[in-house]
Each structure stands twice: as C-alpha cells, then as structure tokens.
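Starting from the known structure of chain W, fit chains X and L onto it as the hints suggest.
Chains as they are written, first to last, in my numbering: chain W, 1 to 183; chain X, 1 to 183; chain L, 1 to 243.
Quick caveat, the hints were computed from the structure, so don't treat them as lab data. For each residue, glycine too, the CB sits at the ideal point set by N, CA and C. Heads up, some of the hints might be wrong.
[Said to hold, decoys possible] Simulated pairs of lysine to aspartate or glutamate, EDC-like, Cα-Cα distance not exceeding 20 Å:
hint : chain 1 : residue 1 : chain 2 : residue 2
1    : X       : Lys-136   : W       : Glu-168
2    : L       : Lys-207   : W       : Asp-159
3    : W       : Lys-52    : X       : Glu-49
4    : X       : Lys-78    : L       : Asp-128
5    : L       : Lys-207   : X       : Asp-137
6    : W       : Lys-122   : W       : Glu-110
7    : L       : Lys-221   : W       : Asp-108
8    : X       : Lys-78    : W       : Asp-17
[To be verified] Facing chain X, from chain L, some residues (calculated, C-beta under 7 Å):
hint : residue
9    : Gly-16
10   : Tyr-104
11   : Ala-110
12   : Ile-117
13   : Ser-118
14   : Val-126
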Amino acid sequence: MLDSLRPIIESLIFVADEPLSIKQLEAMLGGVSRQQIKDILQQLMAEYETEKRGFALQEVAGGYQFRTRPEYRDWVIKLKQSSPAKLSRAALETLAIIAYKQPVLRTDVEHLRGVDSGGIFKTLLERDLIRVMGRKDLPGRPMVYGTTRRFLEVFGLKDLSSLPTLGEMEQLEESWPSVSKSS
Amino acid sequence: MLDSLRPIIESLIFVADEPLSIKQLEAMLGGVSRQQIKDILQQLMAEYETEKRGFALQEVAGGYQFRTRPEYRDWVIKLKQSSPAKLSRAALETLAIIAYKQPVLRTDVEHLRGVDSGGIFKTLLERDLIRVMGRKDLPGRPMVYGTTRRFLEVFGLKDLSSLPTLGEMEQLEESWPSVSKSS
Amino acid sequence: MGQSSYNVQLGEVFEGPMDLLVYLVKKNDIDIYDIPIAVVTEQYLGCLELMKELSLDVSGDFLVMAATLMQIKSRMLIPAAQDNEEDEGAEDPRMDLVQPLVEYLRLKSAAEQLSHISLLDRDTFVRDVKEDSIEADVTFKPLRPVGLFELIDAFQRILKNASKEHFVDITKDAISVRQRISELMEILEERKNVTFQELFLGKHSKKMLIVTFLAILEMIKLRLIRVMQHIDSGIIRIYAGQS
Numbered sequence: 001m002l003d004s005l006r007p008i009i010e011s012l013i014f015v016a017d018e019p020l021s022i023k024q025l026e027a028m029l030g031g032v033s034r035q036q037i038k039d040i041l042q043q044l045m046a047e048y049e050t051e052k053r054g055f056a057l058q059e060v061a062g063g064y065q066f067r068t069r070p071e072y073r074d075w076v077i078k079l080k081q082s083s084p085a086k087l088s089r090a091a092l093e094t095l096a097i098i099a100y101k102q103p104v105l106r107t108d109v110e111h112l113r114g115v116d117s118g119g120i121f122k123t124l125l126e127r128d129l130i131r132v133m134g135r136k137d138l139p140g141r142p143m144v145y146g147t148t149r150r151f152l153e154v155f156g157l158k159d160l161s162s163l164p165t166l167g168e169m170e171q172l173e174e175s176w177p178s179v180s181k182s183s
Numbered sequence: 001m002l003d004s005l006r007p008i009i010e011s012l013i014f015v016a017d018e019p020l021s022i023k024q025l026e027a028m029l030g031g032v033s034r035q036q037i038k039d040i041l042q043q044l045m046a047e048y049e050t051e052k053r054g055f056a057l058q059e060v061a062g063g064y065q066f067r068t069r070p071e072y073r074d075w076v077i078k079l080k081q082s083s084p085a086k087l088s089r090a091a092l093e094t095l096a097i098i099a100y101k102q103p104v105l106r107t108d109v110e111h112l113r114g115v116d117s118g119g120i121f122k123t124l125l126e127r128d129l130i131r132v133m134g135r136k137d138l139p140g141r142p143m144v145y146g147t148t149r150r151f152l153e154v155f156g157l158k159d160l161s162s163l164p165t166l167g168e169m170e171q172l173e174e175s176w177p178s179v180s181k182s183s
Numbered sequence: 001m002g003q004s005s006y007n008v009q010l011g012e013v014f015e016g017p018m019d020l021l022v023y024l025v026k027k028n029d030i031d032i033y034d035i036p037i038a039v040v041t042e043q044y045l046g047c048l049e050l051m052k053e054l055s056l057d058v059s060g061d062f063l064v065m066a067a068t069l070m071q072i073k074s075r076m077l078i079p080a081a082q083d084n085e086e087d088e089g090a091e092d093p094r095m096d097l098v099q100p101l102v103e104y105l106r107l108k109s110a111a112e113q114l115s116h117i118s119l120l121d122r123d124t125f126v127r128d129v130k131e132d133s134i135e136a137d138v139t140f141k142p143l144r145p146v147g148l149f150e151l152i153d154a155f156q157r158i159l160k161n162a163s164k165e166h167f168v169d170i171t172k173d174a175i176s177v178r179q180r181i182s183e184l185m186e187i188l189e190e191r192k193n194v195t196f197q198e199l200f201l202g203k204h205s206k207k208m209l210i211v212t213f214l215a216i217l218e219m220i221k222l223r224l225i226r227v228m229q230h231i232d233s234g235i236i237r238i239y240a241g242q243s
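Same shape as in the complex, but just chain W (with noise of 0.2 Å):
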C-alpha cells in the first residue's frame, strides 16, 4: 500500500468537500503514521508547486485542499459567468404550471402555488422561457402568459406537445412498484 499511499491521499484531497487534516487523513489511512502523511503531503505541495500545475495544493484551515493559482483567476471568472445555472425549485414549479396551463393569468399560478411569484415571473421573462401572450379582457386587462421556443429548447422538447401527460406519468408509476423501489 505504501507505493499507492501518495495517489490515494491525493484522490481523497481531490473529492473532499472541505480541506482534509492530517487527523482526518490518519484516521482514513489506519496504520500509516502521521510523519509519513505529512512527508506526502509536502512532496505533493512541492510538485504542483514546480510543475506549475493550474491548481496547487494548499494547506488551508488546518487542512489540505487543491484550490486554483491566484493567476488564473481571471479565467475561472470568466468561466464560471458562462457557465449554466441552475434552475430553482421554486421557478421550476412556476414554469410546470405556465408550461401545462398556458395561456395563463399570473394570478392562476399564484393561487395553484399559494404564493406571490411575482419576482420569479420576472426572472423567468429574463431568462426567456415565458413571454406574455397578450392582455386578457377583464379589470386591470391582466397578462396572459406562455412558455417560449428557448423553454422547449431547454427541456429538449421538440413542441409543446411533447409535453407528457400526467396520465403517461402516473402510468409509469403504477407498473412495477415493488421494484422501482429496488432499481
């Protein structure tokens, strides 16, 4: 074990949600004394150090964890700006009812979820995935609303009659349920 005791520290660092002590690497480790972790530990440090890696490892917070050069954070910002965010659970449910109820009211999709989703409306309309179909005829001419072409592209809906039936879902539910369960 001793020759793979450097790559399995390593792997360990490397998925670890916070930096991992030296305790915590010992008590992992079982039997592999704490000199040889350290002495490991330094040789990784010194590595990533002079091969000049796009990451270091780094003693933070009485742990060890890999973190990027502060030199290319430039480009980590970058990337992170353009990488895709997620959609919360709250939007999702706003826009699973627009999707299935559309043309829709905003005050319809208030009282199915129980509460004002004015500002996730808002978000939504930013994002794009719901535009405003037009003004319905009553007081205050309210706006109706529906889901866009950039929705469908989204969810990798040809057209919205792609949409699955809850009847198509539950169905899927009925089938086999001692072994959904299992699988």
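What follows is chains X and L alone, placed relative to chain W:
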C-alpha cells in the same frame, strides 16, 4: 500566453461543474486554435496517466473532466461515507436497450425484455439517465425515449458512438459461461 | 424465512420469460438456431410449476411465453411437406422465437459490458466544485438544460397540494391546443395579421383542423386576437390583439 495555456486549461477544467468541451475552451480562450487546445488536452491526459496520480483527465460526454481513478474507489467511498450508486440488472438491461435502440418506445423495450418495465423507466427518468425525446406519429402519439447527457457522464462515454459494439451471436456464445454465472 | 430468501433469489434470477428461456438454453447447451422445442417447452413449464409451488409471483408475461412455446411446438408437428402452397419457403416456426432471443442476448451482453465500465459515483468520482476554492464573483449565468422529469415532478407536487377547483386539464388534446396557440402567436408576432384560411393551410388531418379552430376560439376568448371580416370580399383576417 502560450506558455501558460496548459495551466490555464487545467485550471478551467478543474473548476468547471461539468465536462468542458473543446468548443467551450475555444470560446473562452479566444484566438487559440482548436488544434492547439486538442494537443494540450492530449498532453495533459497522457501526463496524468503516466504519473499515476490519484485522479485523471478523462474525455466524457463531449468534454473533459478530472475524475478519481477507479482503483481508489474504496477509499473515496469510505471518505464520502456514501453508499455507491448502483443500478440493478433490470435497470441496466433496460438502459442498454434504450441506449442502443433510441429513439425507442416503451412498448418496444418491453417487447424485447418480455416484461413490463414502467417502474424501471420511472427510475431511469428520475436519475436523469433517460429522457422523453418526443412523440411518435402513431395512434395515441406514444412517447419516444432516449438517453441523456448525464448517461454519457455516468458511464464515462465520449459520445453514443463509443458504446461497446453489439456482439454477433458467435461471440456471445463464447462469453456465455460468464453470463450464466451472473444469472 | 428460508422460503422468503429463496423467493427473492429466484425473482432475481428470472426477471421475465426471456430470462428463463436464456437460462434453459444455456443449461442444456443448446444450439440457439436449432432449439429442441419439445424439451425446452417441457422444462419451461416445469419451471413455471416450481415457481408457483414456491408461491412466486408468476406474471402474465411468463404465461404468454408458455403459450408461444406450445404453439411453436404444435406447428413443428405439422410436416413441412403438407404446406404445399409454399413448401420451399416453409419457414421454421422456431424462428419466431430465435430472432427475439438472439436480439435479447445481444443486448443482455451489451448490458453486461456496460456494467463493467467505471461508473460515476460507484467507481470514479468528480470534485464537488465549491466556490471557496475559486473565489469568483458570479453574476448572471445562462441556463443549464433541465430534464423534463423535473418539470413534471414539480407540477405533480403542485397538483398534490392544490384544491379540486383548480383542476387542470392536461389531456393530450388540451396540450395540442396550447401548442397551436403558441404557434399562432408566433405567426402573428411576425406578421401582425393573417387570413383565417391561411391558418388552415397544410393542416390536412381532421384533428389538426379542429385543434387549430379550438385554438382560435380560445385566443378570441382571451382577447389575444381580434377577428375582422372584410365587407366586400368576405375574407376573414386575424390581428394580434394588444390594441
């Protein structure tokens, strides 16, 4: 900049949430040729391979991502204190049929397997391994299914064409003993 | 206790009739293109009996296969020569079984191969990218593609908590009408107005005609459009409604 291109690419892959494609890298780096990026990626992959690090650079789902080496899986699982993600034999079989036959109807899959597969479909949908691709122009407009990008990620496949080729009957017969063990 | 553990095991082994068939073919070391149908049928039925005795849940799929086997067996008994209409091309009745069986075996072996691949979160792991190791200010990000299942799941959650009065019609037809409304809105956004007849051009199926008409009615109701008819020509024209 050419000198630092390698660590920059390394750091970008390191911080990306998902496999980073050459196209994304090209867009980020601006002015660097596709071929240059490709060459550096090949270089990096080879390096991580020969240096026997704890993790390696892999080509998956049309992009590049760092992943721990399978030989250290037990250590990583121990650290994460999570039970490894499992797929039942039935789920794997269903998934294989969908992967090779997509776009495919649920009834076609069930026909091949000889059993109702609704529960398994639901599990695979929940795990984002398969998706509804649309509907077929048949009575009742049944849904057609295919695999997702997540499927490629989970199975570490570059793209669908890197699925193992379906064997011919002669080859299968040779491998029968191993099949019979598992059943 | 002993029986229930056995129960689980057998259930694992014979997931379905195809699985059982594969087991028999292998056990007897049979040439798949020359299956001794009588033997296999007998053993298949024997297994079903055993499963019933062990009070296993023998699903209908198993019985369908049993019927197929017995039918092939009886067809085998009819001498091919009597089939004088097509005595040359007289097909081996077993082909009905062989083709799906071969197909099943091929895919089963593919599944086997897939299971040996290093699976994410089983054999190989990725870094959980935490912002603290990047220190980047993240503002507006584009969207990540979302699984359709998440959308349906979200909707089902809503419906569970919603009262009956907010019943939602999401039958296939209703969705088609919604789709058509969406399409018509796009046409109107582009062209401001369009003739009634144009909207039906190229819609040959009766269903599409009805769906288009229902969509127009719904849009009129919602005041999304205005409909005007020319006094002289009689042409009906539809205008985008945000007047």
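Quick rundown of the hints versus the structure:
For the hint pairing X/Lys-136 with W/Glu-168, the CA-to-CA distance comes to about 14 Å; that is within 20 Å, so the pair holds. At roughly 17 Å between alpha-carbon atoms, L/Lys-207 and W/Asp-159 fall within 20 Å of each other, so this suggested pair holds. With a C-alpha separation of about 18 Å, the suggested pairing of W/Lys-52 with X/Glu-49 holds against the 20 Å cut-off. The straight-line distance between the Cα atoms of X/Lys-78 and L/Asp-128 is roughly 16 Å, inside the 20 Å bound, and the hint therefore holds.
Between L/Lys-207 and X/Asp-137 the alpha-carbon distance is near 13 Å, which keeps this suggested pair within the 20 Å criterion. Taking the CA atoms of W/Lys-122 and W/Glu-110, the gap is near 14 Å; set against the 20 Å cutoff, the hint holds. The straight-line distance between the Cα atoms of L/Lys-221 and W/Asp-108 is roughly 16 Å, inside the 20 Å bound, and the hint therefore holds. Pair hint X/Lys-78 plus W/Asp-17 holds up; C-alpha atoms about 13 Å apart against a cutoff of 20 Å.
The interface hint given for L/Gly-16 holds, since its Cβ lies 3 Å from the closest Cβ of chain X, which is under the 7 Å cut-off. At a threshold of 7 Å, the smallest CB-CB gap from L/Tyr-104 to chain X is about 6 Å, leaving the interface hint in force. Evaluation of the L/Ala-110 hint against chain X yields a held restraint, the C-beta minimum of about 5 Å falling below 7 Å. Below 7 Å, beta-carbon pairs count as interface contacts, and L/Ile-117 has one with chain X at about 5 Å; its hint therefore holds.
Interface hint status for L/Ser-118: upheld, as the beta-carbon distance to the closest one in chain X is roughly 4 Å, under 7 Å. For L/Val-126, the interface hint holds, since its Cβ comes within 7 Å of a Cβ in chain X; the closest pair sits about 6 Å apart.
Checked against the numbered hints above, the structure breaks none of them.
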